[in-house]
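S.K.: Protein sequences, first through last, are from chains A and B.
Note that my numbering gives residue 263 to position 263 of the first sequence, counting from 1, and the numbers run on in steps of one.
Note that my numbering gives residue 79 to position 79 of the second sequence, counting from 1, and the numbers run on in steps of one.
Hints listed in this document are in silico derivations from the structure and should not be mistaken for laboratory results.
Do not take every clue at face value.
Said to hold, decoys possible - Some chain A residues judged to face chain B by a derived CB distance under 10 angstroms, without partners named:
| id | residue |
| --- | --- |
| 1 | Y395 |
| 2 | E418 |
| 3 | R425 |
Every value quoted in this text rests on a predicted model; they were computed, and no experiment measured them.
Glycine residues also receive a C-beta, built at the ideal position from the N, C-alpha and C atoms.
What follows is the residue order along each chain.
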Amino acid sequence: MKLFTLVTAGIMTVAAPVAAQTDIQFWHAMGGRLGEVVEEIATKYNASQDTYNLVPTYKGGYEDTMTAGIAAFRAKQQPNIIQIFDAGAATIINAKGATIPIEDLMAEHSGGFNGEDYIEGVRYFYADSDGKMIGMPFNSSTPLLYYNKDILSKAGIDAPPATWEEFEAMAPKIKEAGYQALAQSHSPWIFSENFHSRHNLQLATGNNGYDSTDVKILYNNDEMKMHWSKVKEWLDNDWYGFYGRGWGDNQDAFVQQKVAMWLGSSGSFGGLSKSAEFEFGASYLPYWKSIIEEPKGTFIGGAALFAMAGKPDEENKGVADFMAFLTSPEMQYFWHKETGYVPITNAAYDLAKSDGYYESTPDAEVGILQLSQPGGEWTKGYRLGFYVQIREAMYKQYDNIFSGASTVDAAFDAMEEESNALLERFDASMN
Amino acid sequence: MKRVQFEHSPIPYLFVAPQIIIIVIFFLWPAAQAVYQSFLLEDAFGLSSQFVWFRNYSDTIFSSAWLQAFGFTIIFSTLVTFLSLGIALLLAVKANEVIQGASTYKTLLMWAYAIAPPVAGLMGNLMFNPLIGDLYGFMNAVGFDFDHKLDPYDAGFVVILISVWKQVSVNFIFFLSGLQGIPKSVNEAAMMDCNSSTRRFWTITFPLLAPTTFFLMVINITYAFFETFGIIDTTTQGAPGGATTTLVFKVFQDGFRGADIGGSSAQSVVLMLLVLVLTVIQFRFIEKKVHY
Chain A
1 MKLFTLVTAG
11 IMTVAAPVAA
21 QTDIQFWHAM
31 GGRLGEVVEE
41 IATKYNASQD
51 TYNLVPTYKG
61 GYEDTMTAGI
71 AAFRAKQQPN
81 IIQIFDAGAA
91 TIINAKGATI
101 PIEDLMAEHS
111 GGFNGEDYIE
121 GVRYFYADSD
131 GKMIGMPFNS
141 STPLLYYNKD
151 ILSKAGIDAP
161 PATWEEFEAM
171 APKIKEAGYQ
181 ALAQSHSPWI
191 FSENFHSRHN
201 LQLATGNNGY
211 DSTDVKILYN
221 NDEMKMHWSK
231 VKEWLDNDWY
241 GFYGRGWGDN
251 QDAFVQQKVA
261 MWLGSSGSFG
271 GLSKSAEFEF
281 GASYLPYWKS
291 IIEEPKGTFI
301 GGAALFAMAG
311 KPDEENKGVA
321 DFMAFLTSPE
331 MQYFWHKETG
341 YVPITNAAYD
351 LAKSDGYYES
361 TPDAEVGILQ
371 LSQPGGEWTK
381 GYRLGFYVQI
391 REAMYKQYDN
401 IFSGASTVDA
411 AFDAMEEESN
421 ALLERFDASM
431 N
Chain B
1 MKRVQFEHSP
11 IPYLFVAPQI
21 IIIVIFFLWP
31 AAQAVYQSFL
41 LEDAFGLSSQ
51 FVWFRNYSDT
61 IFSSAWLQAF
71 GFTIIFSTLV
81 TFLSLGIALL
91 LAVKANEVIQ
101 GASTYKTLLM
111 WAYAIAPPVA
121 GLMGNLMFNP
131 LIGDLYGFMN
141 AVGFDFDHKL
151 DPYDAGFVVI
161 LISVWKQVSV
171 NFIFFLSGLQ
181 GIPKSVNEAA
191 MMDCNSSTRR
201 FWTITFPLLA
211 PTTFFLMVIN
221 ITYAFFETFG
231 IIDTTTQGAP
241 GGATTTLVFK
251 VFQDGFRGAD
261 IGGSSAQSVV
271 LMLLVLVLTV
281 IQFRFIEKKV
291 HY
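Can you make the complete structure from the sequences, with help from the hints?
M.R.: Here it is as C-alpha cells:
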C-alpha cells in the first residue's frame with residue numbers, strides 16, 4: 001500500500017505540469033501524407049495555446065474509424081472529435097444524442113457561429129434539414145476530371161471535354177492515338193451521387209433524405225439509365241477502362257498513362273503532382289448537355305468532424321476552440337495547399353487568392369470553382385441510412401452492367417429494390 | 001440400489017479452470033452477446049433499441065445478397081477443402097519418397113505456412129493486378145480472356161487459387177508426418193501381395209492416413225469458412241457483383257462497415273449454426289469410417 005501511494009504520488013508529480021492541460025481526443029481516418037498533415041495541424045494547435053492538448057489518433061480507413069467510434073461510444077469511451085465520412089453521415093446524425101451539433105457548440109463556446117462564413121457548396125452537406133451545421137466539414141473534396149496533356153495533344157485535342165457529348169466525339173481520336181480515353185475511381189460517388197447534383201436531379205424522396213428516414217431511393221431514373229448504358233458502350237468500345245473497384249487501381253492507370261483522362265477527387269491533386277511524370281490538368285466534371293443546359297455545382301465528398309456527446313463541458317470547450325482554430329483562414333489555406341482539399345470558408349479562399357496561389361497552380365482552384373457553381377434544388381447533398389450497404393449494392397450492379405450479367409434496366413431495378421429494403425430497415429432502427 | 005459415491009478431489013477442476021475461463025470469456029460470452037443482439041434492432045450507437053424477434057433473421061436470410069453469399073460459400077469451401085487436401089496429399093506422398101535432398105524439398109514446401117492469409121491475399125492481388133500483375137498477363141497471354149474484375153468465375157478462380165496455395169503447406173506438414181507414422185513393415189508386407197503402388201496407396205496407406213485426413217478436413221472446412229476472410233478482403237472484396245462474397249465477409253461488410261449490428265449478429269448466429277451442423281455431420285457420419 002505504501003509502495004502504491006509512493007508510485008501514485010510519483011506519477012502525479014511527474015504528470016502535474018501536463019495535467020493542467022485538458023486532453024482532446026481526435027480520431028481520424030487520414031493515412032499517409034494526409035495523416036502527417038493532420039499531425040502538423042495538431043502540433044500547430046497545441047503550440048498556439050496551452051489550455052488544451054489535442055491528441056490525434058489514426059484509426060484506419062473511413063469505415064474503420066466509424067466502427068471504432070461506435071464501439072467506443074457504446075463502451076462510453078468515445079473520443080471528443082471523430083471524423084465521419086459522407087456515407088456515414090446519416091448513421092451518426094440520425095442517432096440523436098450521439099453528437100453535439102457543431103453549430104451549437106461553437107455558438108456557445110467560441111464566440112458565435114456564422115453560417116455565412118462557409119462556402120456555399122460545403123455548407124449544407126453535414127447540416128440538418130433546417131440548415132443547422134451538425135458536423136464540421138473537414139476534408140472536403142469534389143469529383144474532377146484530370147487529363148493528360150501529352151496524350152490529348154497527341155490525339156489532336158486542345159481542351160478537355162466539358163460535356164459527355166464532347167467526350168464521345170474525342171474518344172475515338174484518343175483510341176486511335178493508342179490510349180483508353182477515360183477511367184474513373186468511384187462509381188457511386190462520381191457517376192451516381194454527383195451525377196444527380198450536376199444535373200440537378202433528385203436522388204431520394206424526403207428532400208434527398210434530409211427531412212426524414214422514411215424515404216425511398218430514386219436512382220432508378222431514365223437519366224441514370226441513359227448514362228450507364230453509355231458508360232457500358234464506352235467500355236465495350238474500349239474508350240473506358242475499368243481497372244477494378246479500388247480507388248488506386250484506376251488512378252494508377254492514369255499515372256501509368258494507359259488512360260488519357262481520369263475522374264478522381266480534387267483531393268487527389270497533391271498525390272498526382274508527386275506521382276505523375278507528365279503534365280496534367282484538372283477540369284470540371286463533364287455533364288450531359290442533353291439533360292441540362294447549364295450544369296449545377298457538385299457537392300462535397302470526404303468527411304466531417306463530429307463532436308461526440310457525453311463529454312465534460314471543459315473538453316467540449318476545447319473542441320469548440322479547436323474548431324475555431326481549424327476554420328481560421330490560415331489553417332484552411334495550409335490544409336488546402338498541403339492536401340488539395342478545398343478550403344471550407346470564404347475567408348480562406350480569399351486568402352489563397354490574394355496570396356497568388358491559383359496564379360502559380362491554377363488547377364488547385366478547379367474544385368472550389370466547381371463547388372461554387374450555381375446550386376440548384378438538389379445540389380446540397382443527400383442523407384441516406386445504411387448508405388455504405390447501398391453503395392455496396394450499387395457497386396454490385398455496376399459490375400453486373402459492365403460484365404453483361406444483367407441489362408441496365410434489370411441492374412437498376414435490383415439496385416432500387418435492395419436499397420429500399422435497406423432504407424426501410426434503417427428507418428425501423430431509428431424508431 | 002445405491003450408487004457408490006467416491007470422494008472427488010477439486011484439484012482436477014482447478015486444472016481445467018483456466019481453459020474453461022478462456023472459453024467462457026472469449027467464446028461463450030461473445031456468442032451469447034451475438035444471439036442477444038440478433039433479436040434487437042438498434043441504431044448504430046445503441047441509443048434506441050427494440051426487440052424485434054426474428055426480423056433481423058428474415059431481413060438478411062431472405063435477401064438475395066445473403067443467398068448469393070451462401071451459395072458461393074458452399075462452392076468455395078468445398079473446392080478449397082478438396083483441392084488443398086488433394087494437392088497436399090499428393091505432394092506429401094511424393095516428398096515421402098524423395099531420398100536425395102529430402103529436407104530441402106520439405107522445407108520449401110512448408111514455407112508458405114508462415115504467411116498470414118491477408119499477406120497471401122495482398123501478394124495474390126499484386127500478381128493479378130491488371131497493370132503490373134505477372135499472372136494476369138500470363139493468363140491473358142496463354143489465351144484466356146482473363147478478367148477477374150468483371151468475370152465472376154475468374155474472380156472465384158483467383159480467391160480459390162490463393163486460398164488453396166496458402167493452405168496446402170499446412171496440410172502437407174500433417175500429411176507428411178502422418179505418412180511417416182505408418183510403419184514401413186506394413187508397406188513392405190503389402191508389396192509382397194500387390195505390385196501396383198496406386199492400389200497399395202488406396203488400400204493400405206490411405207485408410208491408415210484416415211485419422212489425419214479427417215482431422216485436416218475439419219480444420220480445412222473451418223479455414224475455408226472463416227480464415228479466408230483475409231484473402232477476400234485483400235483481393236476481390238466480394239466483387240464482381242457480389243460473386244466472391246462469403247458469409248463471413250458479408251458479416252464483416254454489414255456489421256463492421258455498415259454499422260448494422262443486429263443484422264450482422266443474426267448472420268453470424270446463422271453461420272455459427274451452419275458450422276455446428278457441419279461439424280456434427282462430420283463427427284457423426286464421416287468419423288465412423290475412420291479407424292484410429
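S.K.: Each hint: holds or not?
M.R.: Hints, one by one, checked against the model:
no.	hint	in the structure
1	Y395	holds, 7 angstroms
2	E418	holds, 7 angstroms
3	R425	holds, 6 angstroms
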